[in-house]
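Visitor: Sequence:
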Amino acid sequence: MPLLEPNPHALRPGRGRTPAPDRVPDLQARGTPGPLRDELTAVLGPGKVLSRISDLVRYASDASPYRFVPQVVVVAEDIDDVSAVLSYAHGKGRGVVFRAAGTSLNGQAQGEDILVDVRRHWAGVQVLEDGARVRVRPGTIVARVNAALARHGRVLGPDPASAMACTVGGVVANNASGMTAGTTRNSYRTLAALTFVLPSGTVVDTADPAADDELARAEPRLCAGLMELKAEIEADAELTARIRAKHTIKNTNGYRLDAFLDGDTPVRILRGLMVGSEGTFGFISEVVFDTLPLDREVSTALLFFPSLPAAAAAVPRFNKAGALAVELMDGNTLRASVSVPGVPADWAELPKETAALLVEFRAPDTAAQETYEQAAKEVMESLRLVAPVASVDNAFTRDPGTIAGYWKARKAFVTAVGGSRPSGTTLITEDFAVPPERLAEACEALLALQERHGFDAAVAGHAAHGNLHFLLAFDAADPADVERYAAFMDDFCRLTVERFDGSLKAEHATGRNIAPFLELEWGPRATELMWRTKQLIDPDGVLGPRIVLDRNPRAHLRGLKTIPAVEAIADPCIECGFCEPTCPSGDLTTTPRQRIVLRREMMRQADGSPVAESLLHAYGYDAVDTCAGDSTCALACPVGIDTGALMKEFRHERHSPREERVAALAAKHFRSVEAAARLAVAAAAPVGDRLLESATGLARRAVRPDLVPEWLPEIPGAAARRLPRTHRPAAFAVYYPACVNRIFGGPEGQHGPEGQHGPSLPEAVVRLSARAGRPVWIPDDVAGTCCATIWHSKGYARGNAVMANRIVEAAWGWTAGGTLPLVVDASSCALGLAREVVPYLTEDNRELHAELKIVDSLVWAADELLPRLQVRRRIGSAVVHPTCSMRHLGDEDRLTTLAEAVADEVVVPLDAGCCAFAGDRGILHRELTESATAREAAEVTSRAYDAHLSANRMCEIGMDHGTGRTYYSALLELERATRP
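Numbering of the sequence shown is given in my numbering, commencing with residue 20 and proceeding in unit increments.
Hints were generated in silico from the structure; no laboratory data involved.
Where hints are given, some of them may not hold.
[What the hints assert, rightly or not] The following label-pair restraints were derived from C-beta to C-beta distances: (1) Glu253 <-> Trp550: 12 to 22 Å; (2) Ala835 <-> Gly736: 48 to 58 Å; (3) Ala29 <-> Pro370: 15 to 25 Å; (4) Gly736 <-> Gly983: 29 to 39 Å; (5) Ala250 <-> Ala584: 27 to 37 Å; (6) Gly361 <-> Ser106: 26 to 36 Å; (7) Gly542 <-> Ala584: 37 to 47 Å; (8) Gln145 <-> Glu253: 31 to 41 Å; (9) Gln145 <-> Arg49: 37 to 47 Å; (10) Trp550 <-> Pro498: 29 to 39 Å.
For every residue, glycine included, the Cβ atom is placed at its ideal position computed from N, Cα and C.
Generate coordinates for the entire structure from the input sequences, incorporating the hints supplied.
Guide: This is how it looks when you write it as structure tokens:
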């Protein structure tokens, strides 16, 4: 064991907890049973079977109110793996559930036996026919597909609010639709072809002309049975009419029996049945969509009404005027949205009865846009709108920023409301549809039903299509509260079906919580046909047991998860998974959601239970050590939950008092530390990479991997000992070279793309500023100062406070009390100085800090210098790496602006994300950066570029390591391009 290994018990939850009724039992502390683990490993090979209890727990939760702990998790890499798992399950009589993003709201991504991860290795997009079609692998995020299509002016039909996190496989498997899809743009209507694996292991490609012949040879019983069911349905005129009528409004409850009416061959019938089957008929391995035009001329308004029924009554008028989207939000939703960054604070004061419609028109050109706007104006003249708070203007806008803000508030419905629920309560998301013309009546009935059962739900939805969502919170650990919820559900389902002939699931699919009510909606005849279809396709019941079909009338009350309170920063989490796509450790260890899920399970456990001990032992590396601390999860989370900050706090809690003292001492004497680091880097150059890798490897094993960096060949040589000479009197700004740029030199001897010797970054900034007539001044005493990010990222609170206060006091003096801006040449350091130091400052220094103007060098160059420079030479192409700090600062566009000034072609990779180098995290855990950059690296290395540009030295080193290409600051390229 390393000498300074942290004590995992430092993160032990407080004592005196009452064990939760749904805690993982002690018998599962060792994870997957040995025979099951060993047999699957023998079938699939090493590395594909996750069996620790921490693995099982982190996969046990999704965005739903349910929690089922699998026996084992399989990370499938290809169709062969999927077929092998299905074959094994058939032979052993086991059940299989497929899971991708885990954003499902009804528990359909959870299984109690074999759970198969089909996200990690299943991403990929191929644009076809100039965007008219697109081929997608099931683990691809919807927003990623649309980003690829946008270059061709096209878009997918389905547009769920979770598009930033949900995957295409889940969208198709649930027939998720969203704000604009309705019944005409959803997966069922826009699918061109599917490739899927049946429970038997047979692979079907519906685009193959010979698919029916091949299926008939492989599955004759299945083909005959499908055609018999088709004939039986078509022979029943009343049933046929009923099926057609049920799908005139949005409906994802049960199986798509209209597939038997729309398909004329077994393969075509199966293609339709797969949509909305929730993984119970097969595994969808590839999808081809017909895409839709991306109309770019947009007019949007957020209109406020005195009540929910009043807003609902206006919906048909906007539908008639041609609105593509009409979204409804009630007062509870609007008030809860205040937690979403950018939402007006005065929404918190809105009357409870208030409701709003988010109305959007999209047009291919301005002439059509003006026609829509005129139609909207005529509708608004007949409406009774209200303006209860000052921020409400009830007007249409074309401003992209304002429109984005409206949609951000709307899409945050579940997370914003869920985040504001009482601590310890479980969130239920219901989803139903009625004929759009009866929406106002349905709203009134729903409000009355909620009041009768003592709920104060939040309501929102796709009003244009008669589709409403509402959220309920209750205590799943309280049997009486569970019965209250059960009584409400009984009445709600009867109301929806018997009064409105509506759909009990409009777009979220049946899942576990509506399965008991399937027959209520569809009747015994249609429900029996669904059971027979399942028996025909999956006779052994291997896929998705108890999902969609369940004869237990109380199945929706089984597996409800308790939500024990955790640390305040994470407690609002509803486990939606929106944070996961941005997390750099997601394919290596854990995601932000999983970190919180694991913490909650610790809280469910009794003090010192075997399960708690196992989770604590794994949590150090899986959650704390391999968190990059980049906090992009907070940007992705609609309510800003910063799991990175929580992990930094956990790092602090693991520190011994001695470690804190040493860190504070290093901060106090950082001038010596900085000089020693530069000397060490210089001394390493002649030693050779292999010897340094060996030496640091030995030291890491002896001391602690999280303390001793590993040498990487990409680590550059030392920076020059002296910074460029500058003069204060004529300076337009104070230039602060970050300590990383005072320690590390530029790439490969600072040679430019044509082989000529180039300046260091500090020299480039000074030259560019002078060349633009905006000279800068570097203070003589910058050595020994730092933005404090070194201490902040590692959780050293005392050292952080020492350096944070020192740098703010120094910057105050350098900038003459904030008179001059402080230009910082590393985006992470600019972020650190602008925001992260603040909590560690004294009251006096907070006042000083408030007067400072911290400017990222990208912003300085793009806004102040570039307009005054003459570009004399350009390169052909450049690929850029926007850093996570740029995202936090909101200056990603400046990197693109600088690149476009010096290159004819600029590419921002669609898979660009955090490199996870995170200062030194990438040399403490190189596997983290290698995993985090894998997809971006594949995109970057797929072709040649003349330059690879970024604006943070450590991120550039990380990208060098991840891609094998040489990254350097865009300011170096700008200096070369404008050089006389």
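Visitor: Looking at the structure, which of the earlier hints fail to hold?
Guide: Structure breaks hints 2, 3, 4, 5 and 6.
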